[in-house]
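> Sequence:
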Amino acid sequence: MNQVQERFHYEEEDELDLVRTTMKHKKMIGLVTILISLIILVGGYIYNKSTLKSSVVIALDYPGLEDGKNPNGTTFSSNELMPVSVVNKVFEKYKNEIKYTDNLKFRDSIFIRGIVPDAVKNKIKQSAEKGEKYTYIPTKYQIETKNNVIVLKNLALGAIENFQKEYKPNLKIDHIQSLDNYDYRDSYLILNNKLDTLKTIALENGKNNFVSSKLGYSFDTILSEIKSLQSIDLNIFNSYVTMNGFTLDSNIARVRYESEIKDLIIQKENLIEKAEVVRKMLADYKPQEKTFVLTNGGSINGQLDIPDDYYSKLIGEYLNLNKKIKDIQSEIRRCEEEKNKIKSPDDQEQEMLEKKVDIVVERGNKIIDKLNALNKEYVEVKYGDMIKMDSPVIETTAGKPLYTYLALGIILGLFTGIFFSFIAEFKEDYKKRYGK
Numbered sequence: 000m001n002q003v004q005e006r007f008h009y010e011e012e013d014e015l016d017l018v019r020t021t022m023k024h025k026k027m028i029g030l031v032t033i034l035i036s037l038i039i040l041v042g043g044y045i046y047n048k049s050t051l052k053s054s055v056v057i058a059l060d061y062p063g064l065e066d067g068k069n070p071n072g073t074t075f076s077s078n079e080l081m082p083v084s085v086v087n088k089v090f091e092k093y094k095n096e097i098k099y100t101d102n103l104k105f106r107d108s109i110f111i112r113g114i115v116p117d118a119v120k121n122k123i124k125q126s127a128e129k130g131e132k133y134t135y136i137p138t139k140y141q142i143e144t145k146n147n148v149i150v151l152k153n154l155a156l157g158a159i160e161n162f163q164k165e166y167k168p169n170l171k172i173d174h175i176q177s178l179d180n181y182d183y184r185d186s187y188l189i190l191n192n193k194l195d196t197l198k199t200i201a202l203e204n205g206k207n208n209f210v211s212s213k214l215g216y217s218f219d220t221i222l223s224e225i226k227s228l229q230s231i232d233l234n235i236f237n238s239y240v241t242m243n244g245f246t247l248d249s250n251i252a253r254v255r256y257e258s259e260i261k262d263l264i265i266q267k268e269n270l271i272e273k274a275e276v277v278r279k280m281l282a283d284y285k286p287q288e289k290t291f292v293l294t295n296g297g298s299i300n301g302q303l304d305i306p307d308d309y310y311s312k313l314i315g316e317y318l319n320l321n322k323k324i325k326d327i328q329s330e331i332r333r334c335e336e337e338k339n340k341i342k343s344p345d346d347q348e349q350e351m352l353e354k355k356v357d358i359v360v361e362r363g364n365k366i367i368d369k370l371n372a373l374n375k376e377y378v379e380v381k382y383g384d385m386i387k388m389d390s391p392v393i394e395t396t397a398g399k400p401l402y403t404y405l406a407l408g409i410i411l412g413l414f415t416g417i418f419f420s421f422i423a424e425f426k427e428d429y430k431k432r433y434g435k
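Quick note: the sequence shown uses numbering that gives the first Met the number 0, first residue 0, plus one each step.
Accuracy of the hints is not assured; some may be wrong.
Stated by the list, open to error - In silico DSS-like links for lysine-lysine, alpha-carbon gap of 25 angstroms or less:
#1 K164 to K92
#2 K25 to K426
#3 K375 to K226
#4 K88 to K145
#5 K52 to K139
#6 K354 to K365
Read the hints as simulated data drawn from the structure, not as lab findings.
Use the sequences and the hints to build the structure in full.
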């Protein structure tokens with residue numbers, strides 16, 4: 000038998016010994032494998048639980064965010080995304096599922112981190128290298144906690160609901176109520192103020208050039224309707240009432256005009272006193288003269304009258320006071336004329352006036368309905384996705400999946416079991432050879 004054959008023979012015998020030893024101690028190998036697998040599996044499960052984290056991404060999208068503003072124009076802060084009221088509410092509801100028994104520790108376990116894209120990080124880095132400052136307000140924020148998915152999901156939903164309630168614009172306008180119990184002049188003032196408010200809203204929202212794809216009109220369209228109603232129908236009603244001095248209660252109207260005239264007279268007298276004081280100051284004040292030396296091939300002494308700022312202000316104030324006095328005098332005359340014209344309309348005239356008011360109220364409410372419908376669509380388009388969950392709530396851990404721990408346990412268990420079987424076999428062989 001040559002060396003190669005002899006070596007092959009020994010290798011065969013070693014393999015047979017391994018198989019015989021393994022089969023002889025298979026129960027022990029199996030038990031060791033099961034025990035070690037269970038130990039590693041349980042240990043891995045405990046480790047995974049201890050490092051378990053739940054996370055969710057909240058996305059923001061509304062006008063003004065890029066400037067660091069909330070929808071209402073106040074300064075935005077990511078810390079406000081998870082208000083204390085929401086945290087307290089979730090803590091009370093899921094107290095038994097939360098890892099912390101203390102509310103403050105639960106709050107401290109919630110982390111909010113802005114997500115900055117890689118491209119923006121590069122810009123920030125390049126700007127810093129140039130000595131410049133690049134400001135970026137993240138539009139996505141990751142919320143993370145060591146509590147389970149249910150707890151974090153309710154925290155996220157609560158935060159979204161709170162943010163919408165706090166900042167989502169509510170542009171609904173109330174209808175104009177019946178003006179049956181109001182005098183004609185009061186009806187005009189109420190309607191005019193309401194239409195002024197509608198104009199302001201239509202003008203402000205119209206700056207965004209928003210046109211409804213569903214309704215087929217814009218804020219400019221509504222603005223034209225408001226101006227038409229105010230300048231034509233409402234002004235015709237007011238002119239007719241003023242020209243004829245119509246009122247539902249002559250005595251009350253007369254007392255009101257007399258009261259207004261008294262107030263205007265008091266204002267006029269105060270202005271006259273102020274104007275007299277300024278007039279005396281002007282009479283006693285002399286503008287200053289300043290001496291200059293003019294050089295033109297030699298020195299020439301001369302005096303120039305330089306305008307005096309204080310003197311000019313006094314003149315301006317005096318003229319302004321006199322203008323106000325004349326305006327008040329005109330207003331007093333107007334009130335006196337209207338007071339003298341006061342009368343109650345007859346039945347036919349009263350019916351016509353009530354009809355005019357009802358027409359303005361009806362058309363005004365139709366405009367309000369159109370404006371409310373357009374505002375609703377505008378808010379949904381601009382603020383519908385102002386805050387939302389950008390990803391599902393997920394659980395992550397620093398550990399490995401349980402099947403990885405199980406596979407590792409089986410491998411280590413088999414090797415350990417085989418190792419123990421050889422030790423057992425060695426002991427038996429030793430006893431046979433050297434035992435008594």
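> Confirm or reject each hint.
Now the hints, each set against the structure:
no.	hint	verdict
1	K164 to K92	holds (21 angstroms)
2	K25 to K426	holds (17 angstroms)
3	K375 to K226	holds (22 angstroms)
4	K88 to K145	holds (18 angstroms)
5	K52 to K139	holds (19 angstroms)
6	K354 to K365	holds (16 angstroms)
Taken one by one, the earlier hints all hold for this structure without exception.
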